[in-house]
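Q: Fit chain A to the known structure of chain C by using the hints.
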Amino acid sequence: MKVAVVGKGGSGKTTTAAVLARTLARRGVPTLALDCDTNPNLGLSLGFGEERTESLIAVRDAVDEGDQEHAGSAEELLARFAIEGPDGVRLAVVSAIQNPEPGCP
Amino acid sequence: MRVAFVGKGGAGKSSIAGVFARMLARQGARVLALDSDPMPGLAYSLGVPSQDAGIPADAVEEYEDDDGRRRYRLRSGLDPSAAIERYSTVSPDGVRFLQLGKARGVKGENSLSHQAYQLIVDSLSSDDWSVVGDLPGGTRQAFFGWGRFAQTVLVVAEPTPASVLTARRLARLALHSSAPRVLAVANKTRGEADVRYVERGTGLPVAGSVPYDETQRDADRRGVALLDLDADTPLVAAVASLVSSLSAEEALR
Numbered sequence: 001m002k003v004a005v006v007g008k009g010g011s012g013k014t015t016t017a018a019v020l021a022r023t024l025a026r027r028g029v030p031t032l033a034l035d036c037d038t039n040p041n042l043g044l045s046l047g048f049g050e051e052r053t054e055s056l057i058a059v060r061d062a063v064d065e066g067d068q069e070h071a072g073s074a075e076e077l078l079a080r081f082a083i084e085g086p087d088g089v090r091l092a093v094v095s096a097i098q099n100p101e102p103g104c105p
Numbered sequence: 106m107r108v109a110f111v112g113k114g115g116a117g118k119s120s121i122a123g124v125f126a127r128m129l130a131r132q133g134a135r136v137l138a139l140d141s142d143p144m145p146g147l148a149y150s151l152g153v154p155s156q157d158a159g160i161p162a163d164a165v166e167e168y169e170d171d172d173g174r175r176r177y178r179l180r181s182g183l184d185p186s187a188a189i190e191r192y193s194t195v196s197p198d199g200v201r202f203l204q205l206g207k208a209r210g211v212k213g214e215n216s217l218s219h220q221a222y223q224l225i226v227d228s229l230s231s232d233d234w235s236v237v238g239d240l241p242g243g244t245r246q247a248f249f250g251w252g253r254f255a256q257t258v259l260v261v262a263e264p265t266p267a268s269v270l271t272a273r274r275l276a277r278l279a280l281h282s283s284a285p286r287v288l289a290v291a292n293k294t295r296g297e298a299d300v301r302y303v304e305r306g307t308g309l310p311v312a313g314s315v316p317y318d319e320t321q322r323d324a325d326r327r328g329v330a331l332l333d334l335d336a337d338t339p340l341v342a343a344v345a346s347l348v349s350s351l352s353a354e355e356a357l358r
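In the order they appear, the protein sequences are chains C and A. Mapping of the first sequence onto our numbering: position 52 corresponds to residue 52, and the numbering continues sequentially without gaps. To convert, count from 1 in the second sequence and add 105; that's our numbering.
Since the hints were made in silico from the structure, they are not lab data. Accuracy of the hints is not assured; some may be wrong.
On the chain A side, residues computed to face chain C include the following (Cβ under 10 Å) [claimed, not checked]:
1) Ala116
2) Pro145
3) Phe249
So the derived label-pair ranges between C-beta atoms look like this [claimed, not checked]:
4) A:Arg245 to C:Ser73: 22 to 32 Å
5) C:Arg26 to A:Pro154: 41 to 51 Å
6) C:Glu101 to A:Ser228: 21 to 31 Å
7) C:Ala79 to A:Asp232: 55 to 65 Å
8) C:Gly28 to A:Glu297: 43 to 53 Å
9) C:Thr16 to A:Pro197: 48 to 58 Å
10) A:Asp172 to C:Glu101: 16 to 26 Å
11) A:Pro339 to C:Gly49: 25 to 35 Å
12) C:Glu75 to A:Gly199: 51 to 61 Å
13) A:Arg286 to C:Ser55: 28 to 38 Å
14) A:Pro197 to C:Thr23: 40 to 50 Å
15) A:Asp232 to C:Lys8: 33 to 43 Å
16) C:Val29 to A:Ser349: 32 to 42 Å
The C-beta atom is built at its ideal place from N, Cα and C for all residues, glycine as well.
Bound-form chain C, shown alone:
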């Protein structure tokens, strides 16, 4: 099963995604939670805590900076970037915008 949760700000996307992910995991389904928000907060709702949520390196950023070769397999990318949390859910962040980039509208 592959599900994407979308909607207006504040409508409950992250909360819904987190509960979906943990419910699936509790039913025994190996579950990957992908935070595709450039302001990633999904780790908080999944119960990873703030420190682990903030420690995640975004896959896209690592690729852009050359830390990571393109075309790694999904498993390789997850081994490098995903962390495991409550109920065994694995979490990876796709692309975070962490700092101001003036002059780049």
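A: Below, chain A without anything else, positioned relative to chain C:
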């Protein structure tokens, strides 16, 4: 006064920005309210029926600069004030409302509208306009300079971990050169402890605290501006006080 509201999605940026713009206008300022969110929001809280009157692509024309690079300028005969006159709508209390235009389809080509919006906003003079901007939730637009018109960035934060985490990221706007002043606005508070939580969690000075307001929820459900539903609510009072304190401060500077 030029302010930009930023914050996590759902923190209450648009709700506060709409009231802020109208209260500022009631004080006699000439106010331009800017909405660069590709999803609707500010029009509701201003009480403007127009949900999708973006700037058309033909507001700009392309030209080559001396080095042969492609650049854009407002089309000939269209100066920034004429552009505001033409592409903005008038909201209650006389606020001018200018929006980027809403997302259209999966691959809507709207880069020309974006160019036009930036050209107009960059040309605004503080002598002519007070500016109240409402940016989309998250860090993307804020970190890419969409709030650069602002002298003061107001980070709206609820007393929740995700909201203050987002606010702490946005506080980095103060770090680069030509940085604006960055302040927090605590929203949906229920008591002093919530205000202190936002202050501690964001690491920002708190310019104002806006109490949780049941009437705002009612206005959201009905799709009307809070000010037009009931002007005597905790949110309106708190935002009016924020407008007064920022105005008084600016008068001293």
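Q: Determine for every hint whether it applies to the structure shown.
A: To see whether the hints hold, each was checked on the structure:
1. Ala116: 7 Å, holds
2. Pro145: Holds: closest Cβ of chain C sits about 9 Å from A:Pro145, inside 10 Å.
3. Phe249: 5 Å, holds
4. A:Arg245 to C:Ser73: 22 to 32 Å: Holds - the Cβ-Cβ distance for A:Arg245 and C:Ser73, about 29 Å, lies within 22 to 32 Å.
5. C:Arg26 to A:Pro154: 41 to 51 Å: 47 Å, holds
6. C:Glu101 to A:Ser228: 21 to 31 Å: At 22 Å between Cβs, range holds.
7. C:Ala79 to A:Asp232: 55 to 65 Å: 58 Å, holds
8. C:Gly28 to A:Glu297: 43 to 53 Å: Between C:Gly28 and A:Glu297, where Cβ atoms are some 46 Å apart, the hint holds.
9. C:Thr16 to A:Pro197: 48 to 58 Å: For C:Thr16 and A:Pro197 the Cβ distance comes to about 35 Å; the hint is violated.
10. A:Asp172 to C:Glu101: 16 to 26 Å: 23 Å, holds
11. A:Pro339 to C:Gly49: 25 to 35 Å: With a Cβ separation near 33 Å, A:Pro339 and C:Gly49 satisfy 25 to 35 Å, so the hint holds.
12. C:Glu75 to A:Gly199: 51 to 61 Å: Hint holds: Cβ distance 60 Å, inside 51 to 61 Å.
13. A:Arg286 to C:Ser55: 28 to 38 Å: Holds: the Cβ-Cβ distance is about 30 Å, inside 28 to 38 Å.
14. A:Pro197 to C:Thr23: 40 to 50 Å: Given range 40 to 50 Å: holds, Cβ gap about 46 Å.
15. A:Asp232 to C:Lys8: 33 to 43 Å: 36 Å, holds
16. C:Val29 to A:Ser349: 32 to 42 Å: 55 Å, violated
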